[in-house]
Amino acid sequence: MAPTEQALQALSTLQPSLDVLLEGMLTAYSPTGEIGPVVEQLRAALPSWSIHPSTDDIGNLVATVGQGPVQVALVGHIDTVRGQVPVRRDGDRLFGRGAVDAKGPFAAFCAAAVAAVSVEPRLQVHLIGCKDEEGPSHGARFAAPHYHPHYAIVGEPSGSAAVTLGYKGTIKLTYTRRTDSAHSSNGEASNALDDTLTFWNRLLAFHSEHTVPDSAFTSLQMRPLSLQSVDDGMGMEATLRVDFRIPPGFDVLKLQTFVARYGLGGEVRWEGWEEPVVVEKNTPLVRAFLAAIRAEGGTPTFKKKTGTADLNILSPRWAVPMVAYGPGDSHLDHTPTEHTTIPELTMGARVLTRVLLQLAQRESGQGRARP
Amino acid sequence: MVECTECGATLAMNEDTEVGELITCGDCGADLEVTGMTPPMVQLAPQEEEDWGE
Chain A
1187 MAPTEQALQA LSTLQPSLDV LLEGMLTAYS PTGEIGPVVE QLRAALPSWS
1237 IHPSTDDIGN LVATVGQGPV QVALVGHIDT VRGQVPVRRD GDRLFGRGAV
1287 DAKGPFAAFC AAAVAAVSVE PRLQVHLIGC KDEEGPSHGA RFAAPHYHPH
1337 YAIVGEPSGS AAVTLGYKGT IKLTYTRRTD SAHSSNGEAS NALDDTLTFW
1387 NRLLAFHSEH TVPDSAFTSL QMRPLSLQSV DDGMGMEATL RVDFRIPPGF
1437 DVLKLQTFVA RYGLGGEVRW EGWEEPVVVE KNTPLVRAFL AAIRAEGGTP
1487 TFKKKTGTAD LNILSPRWAV PMVAYGPGDS HLDHTPTEHT TIPELTMGAR
1537 VLTRVLLQLA QRESGQGRAR P
Chain B
189 MVECTECGAT LAMNEDTEVG ELITCGDCGA DLEVTGMTPP MVQLAPQEEE
239 DWGE
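Keeping their order, the protein sequence lines are chains A and B. To convert, note that position 56 of the first sequence is 1242 in the working numbering; the numbers rise steadily by one, no gaps. To convert, note that position 32 of the second sequence is 220 in the working numbering; the numbers rise steadily by one, no gaps.
Since the hints were derived computationally from the structure, they do not count as laboratory data. Please note: incorrect hints may appear among the correct ones.
[Said to hold, decoys possible] Cβ-Cβ distance ranges computed for the label pairs, FRET-style:
1. B/Gln-235 x A/Asp-1437: 50 to 56 Å
2. A/Asp-1400 x B/Gly-217: 19 to 25 Å
3. B/Gly-224 x A/Pro-1272: 18 to 24 Å
4. A/Glu-1191 x B/Gly-217: 22 to 28 Å
5. A/Pro-1322 x B/Met-201: 25 to 31 Å
6. B/Gly-196 x A/Pro-1307: 44 to 50 Å
7. B/Trp-240 x A/Arg-1455: 25 to 31 Å
8. A/Gly-1451 x B/Trp-240: 31 to 37 Å
9. B/Pro-228 x A/Met-1187: 27 to 33 Å
10. A/His-1334 x B/Met-201: 52 to 58 Å
11. A/Glu-1226 x B/Glu-203: 32 to 38 Å
12. B/Gln-235 x A/Met-1187: 32 to 38 Å
13. B/Ala-200 x A/Pro-1502: 32 to 38 Å
14. A/Trp-1456 x B/Gly-217: 36 to 42 Å
[As the list claims (entries may be wrong)] Residues from chain A shown here face chain B by an in silico Cβ test under 7 Å; the list is partial:
15. Asp-1205
16. Asp-1287
17. His-1396
18. Val-1398
19. Ala-1402
20. Phe-1444
21. Tyr-1448
22. Gly-1449
23. Ala-1477
24. Thr-1487
25. Lys-1489
26. Gly-1493
27. Ser-1516
28. Asp-1519
The C-beta atom is built at its ideal place from N, Cα and C for all residues, glycine as well.
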């Protein structure tokens, strides 16, 4: 039997099965900041697959499978957004918070790593289950300097036949305007709320200048997060928070300069800056995905997403072939009906297994050396 | 050598071309994916789609 077939057979005979492992992960509800339950669940369950995870100094769940020279980092996240979705099965569907974002992809990572390493000694797969991805991404930031992989895959739900090549960047603005109180019949004096709304209208005009028709990925996106005002009789204070999604190639300094110039003297604070990322698609890693998806009967597509992921953080730091990939429909991210299907989960794990084997084969006479 | 699926132009494949590699037709500019080497085969490269979410 060919190594690929051996590995896929190993995948199909895992005990517990992949879907049972994921069901356990979903039952261990773990919103950001509270990942203890899923860490304990995986530390108890994964030794059955000969994976012996530990936690690093910040609390990520980490394990290395294999000791070969070809190092591949499989970086998932095991925190979820809040909102418990009752874990249940309905036919092929498995419901639960994190089924697609992103416990499903991480479960597939673990299964593929075990299956591929069982037949391929040249692999060394680093499984990194990050914390806080749905928050400030402390987990990925901590992990970045501790690994030096040749290839990396970030676990997010692209769908088993698609590969995600890009994410937009993000930055948040907090704008605070204060004015002295004035009688409300005084039409001459603007108050803090007036000014804040004027500022918002100016932002809308800036935003429309940087909107590309029919392309959210290449447009500047802007959304108000909150608007509050307080009047204590002596003065009024208004605070506006805005979330910007930054397209590749957009100069964020231009936005900051606009805000400084047309902010009507309001206090400005910027936070949460993440650069947009678009990875190279003609790499050995992407080639391995295209071949693997086709071998599994799929028709591959590429995706660019308007959200952000740990790819934004890790790609500029590692500077190796990277993509985001994982089974599941990302349209179910953060929804009360979040679920995956067993065939989708299985296909994702099979594609990943083939990809890992292909990357290892490049190190031998069966493939080319790493770029 | 392989024929472009879009315009029929003949494309040269390097010795080290591999399956999954993306190449561009010099005549029509189409992006093509190498889907086989023995014999050489190409088809239109995967399309890029925009999507929301993570």
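Cross-check of the supplied hints:
1. B/Gln-235 x A/Asp-1437: 50 to 56 Å: violated (28 Å)
2. A/Asp-1400 x B/Gly-217: 19 to 25 Å: Given range 19 to 25 Å: holds, Cβ gap about 22 Å.
3. B/Gly-224 x A/Pro-1272: 18 to 24 Å: Violated - the Cβ-Cβ distance for B/Gly-224 and A/Pro-1272, about 47 Å, lies outside 18 to 24 Å.
4. A/Glu-1191 x B/Gly-217: 22 to 28 Å: violated (39 Å)
5. A/Pro-1322 x B/Met-201: 25 to 31 Å: violated (47 Å)
6. B/Gly-196 x A/Pro-1307: 44 to 50 Å: For A/Pro-1307 against B/Gly-196, whose Cβ atoms are near 45 Å apart, the range 44 to 50 Å holds.
7. B/Trp-240 x A/Arg-1455: 25 to 31 Å: holds (27 Å)
8. A/Gly-1451 x B/Trp-240: 31 to 37 Å: holds (36 Å)
9. B/Pro-228 x A/Met-1187: 27 to 33 Å: holds (28 Å)
10. A/His-1334 x B/Met-201: 52 to 58 Å: violated (33 Å)
11. A/Glu-1226 x B/Glu-203: 32 to 38 Å: violated (52 Å)
12. B/Gln-235 x A/Met-1187: 32 to 38 Å: holds (35 Å)
13. B/Ala-200 x A/Pro-1502: 32 to 38 Å: holds (35 Å)
14. A/Trp-1456 x B/Gly-217: 36 to 42 Å: At 41 Å between Cβs, range holds.
15. Asp-1205: Cβ of A/Asp-1205 sits 22 Å from chain B, so the hint is violated.
16. Asp-1287: With a minimum Cβ separation of about 6 Å from chain B (threshold 7 Å), the hint on A/Asp-1287 holds.
17. His-1396: Since chain B brings no Cβ nearer than about 16 Å to A/His-1396, farther than 7 Å, the hint is violated.
18. Val-1398: violated (11 Å)
19. Ala-1402: Status holds, d = 6 Å.
20. Phe-1444: violated (25 Å)
21. Tyr-1448: violated (29 Å)
22. Gly-1449: Check failed: Cβ of A/Gly-1449 comes no nearer than 29 Å to chain B, outside 7 Å.
23. Ala-1477: holds (4 Å)
24. Thr-1487: holds (5 Å)
25. Lys-1489: Nearest chain B Cβ about 5 Å off; hint holds.
26. Gly-1493: holds (4 Å)
27. Ser-1516: holds (3 Å)
28. Asp-1519: holds (4 Å)
Going down the numbered hints, you'll see the structure goes against 1, 3, 4, 5, 10, 11, 15, 17, 18, 20, 21 and 22, while the others check out.
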